[in-house]
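A.B. asks: Each chain, written out:
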Amino acid sequence: MNIQEIISDTVKLKAGQRILLSGTIYTARDAAHERIVKMLDECGKVPFELKNSAIYYCGPTPAKPGEIIGACGPTTSARMDVFTPKMLDEGVKILIGKGVRSKNVCDSIKKNKAVYMAATGGVAALLSKTVKSCELIAFGDLGPEAIYKLEIENMPLIVAIDSEGNDIFKKIEDEKVRG
Amino acid sequence: MKRIIKSEIISNAVEKLCADANYVLPSDVLKSLKENSEKETGSSKEIFDEIVKNAEIAETEKIPLCQDTGTANFFVKFGKDVVIDGSNIYDAVNKGVSESYKNNYLRKSIVSDPIERKNTDDNTPANIYIDVVDGNNIEITFLPKGGGSENASSLKMLEPSAGWSGIKSFVLDAVKEKGANACPPLIIGVGIGGDFASVGYMAKEALLREIGSQNSNPYYSDKEKELLAEINKLNIGAMGLGGSTTALAVFINVKPCHIASLPVAVNIQCHSCRRKTIKI
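If you're matching them up, the sequences are chains A and B in order.
According to our numbering, the stretch in the first sequence is residues 361 to 539, in order.
According to our numbering, the stretch in the second sequence is residues 103 to 382, in order.
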C-alpha cells in the first residue's frame with residue numbers, strides 16, 4: 361500500500377488491519393521532535409514539509425560501508441505524545457512507532473484525519489530490508505536522533521489508531537476489563 | 103597463583119563481546135520464543151514469526167537485532183589473584199565499548215548529562231558492576247539494555263506488612279502500566295530485599311538467568327511460576343496487541359534487609375534479551 365493512497369484518502373484504513381507500507385517517510389524521535397516544535401514556535405520553518413508527511417519514530421544504527429541503513433526498528437511512541445498534537449495540527453498524516461498512545465493523541469488523530477501505525481519493536485534487522493534509500497535531511501549533530509528521509513517498500517505494520525479514532529490498544533484494554 | 107593480564111586483552115575481548123551480543127540472540131531466548139509462538143494465533147503469531155526471522159537475519163548478516171544497542175551493562179567476576187597490567191578494569195572495559203560501538207556501527211545511545219543531553223558519541227560510560235571472587239580469571243557478562251524496556255521498570259520501598267501479596271501487586275501493576283510499551287514478550291527481573299540502592303541491581307542481575315532455569319530456593323521458584331502465570335493472564339501479549347504470552351520468564355533475586363523495610367524492584371527486559379558471557 362502506498363503512502364499517497366492513504367494521504368489522498370483513496371484507501372480507508374481500519375484499526376487492527378495489517379498492511380505493507382511503501383513510500384517516503386521521515387525519521388524523528390525525542391530530540392528531533394523537541395527541535396521541530398521549537399522551530400515552529402520561533403520561526404515557523406522546519407527541515408521538511410510537514411503537511412501530508414509520514415513520520416517514523418526511529419533512531420537507526422549507523423549504516424555499514426556499502427549498506428543503505430543499519431538496524432532501524434521503531435522506538436516507543438508514547439514519549440512523543442507531548443509533541444504529537446502540534447505535529448498533527450501542522451499537517452503530519454501518518455505516524456509510525458510502537459506501543460500505546462495517550463487519549464489526547466488519539467483525539468488529535470481523529471480531529472486531523474491522520475493515522476497511527478505500529479511496527480514490531482525489536483525486529484530492526486528485518487525492517488532494515490524494507491528501506492530502499494536513506495538520506496540525512498537535518499540535525500546531523502544529534503547522531504542517531506537526526507532526521508533521515510527514507511524510501512520504504514512493503515514495511516509490515518498494523519494500523520493501531522485509524523482516522524476515526526478507533527484504537528486497537530484501547531480495544532484490547534476494554535476486552536480485558538470485560539474479561 | 104597470581105596472574106598478570108594486560109588491559110589490552112580485556113579491551114579487545116570486550117570489543118568483540120559487544121558486537122557478538124548485539125547480533126546473536128541467546129539460544130535459550132530463541133528456544134522460548136519458538137515454543138511460545140506455537141500457542142499464539144493471528145497478529146500475535148505474526149509478531150512471533152517476525153521476531154524469529156529477525157534473529158536469523160541479524161545473526162547471518164551481522165545486523166544488530168535491535169537499533170537500540172543499549173546502555174552497556176557489564177557484570178564482572180574478578181578473580182582476587184588477577185593483576186591488570188596497564189589501565190584499571192573500568193578504563194579497560196570502557197575502551198572496549200568505545201572501540202566496538204564505533205568500529206561495528208552500533209548505535210551510540212548515551213548522553214553525557216541528563217539535562218544538557220549531548221551524545222558522548224561512543225556509548226560510554228558503561229555501567230560496570232564488579233564482584234571480587236576467588237581464583238585468577240575474569241568473567242565478563244555483557245547485557246546491552248534498551249531504553250524502552252528500562253523506562254518501564256520501577257522500584258518501591260514497601261512496608262514489611264505488605265508481604266508477598268504487596269510484592270505481587272506491585273509487580274503486576276508495573277507490567278500492567280507500562281509493559282505494552284516495553285516490547286513484550288518480556289522477561290521480568292524482580293529484586294526483593296536489600297536496600298534502595300541494591301534492590302535495583304538485584305532486579306537487573308536477575309535478567310542474566312537462563313530461561314528455563316529454576317530458582318535455587320523452592321519458595322521463590324514457586325513464586326516465579328505464580329507471577330509468570332498471573333502476568334500471562336493480563337492479555338497484553340506480543341507488542342501489546344493481546345495474546346497469552348506477555349512474558350517468557352520471571353526471575354527473582356532476594357537479599358537480607360532492614361527490619362523496617364521491604365524494598366522491591368522490577369526491571370523489565372524486552373524480548374530482544376541480549377546477553378553473553380566470556381572468560382579471560
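It should be emphasised that the hints constitute simulated quantities derived from the structure, not laboratory data.
Accuracy of the hints is not assured; some may be wrong.
With a Cα cut of at most 30 Å, we get these calculated DSS-like pairs of lysine-lysine [to be verified]:
| id | chain 1 | residue 1 | chain 2 | residue 2 |
| --- | --- | --- | --- | --- |
| 1 | A | Lys509 | B | Lys164 |
| 2 | B | Lys155 | A | Lys509 |
| 3 | A | Lys489 | B | Lys381 |
| 4 | B | Lys381 | A | Lys424 |
On a predicted model such as this, the values are computed, not experimentally measured, just so you know.
A.B. asks: Can you give the numbers of the hints that this structure goes against, from lowest to highest?
C.D. replies: 3
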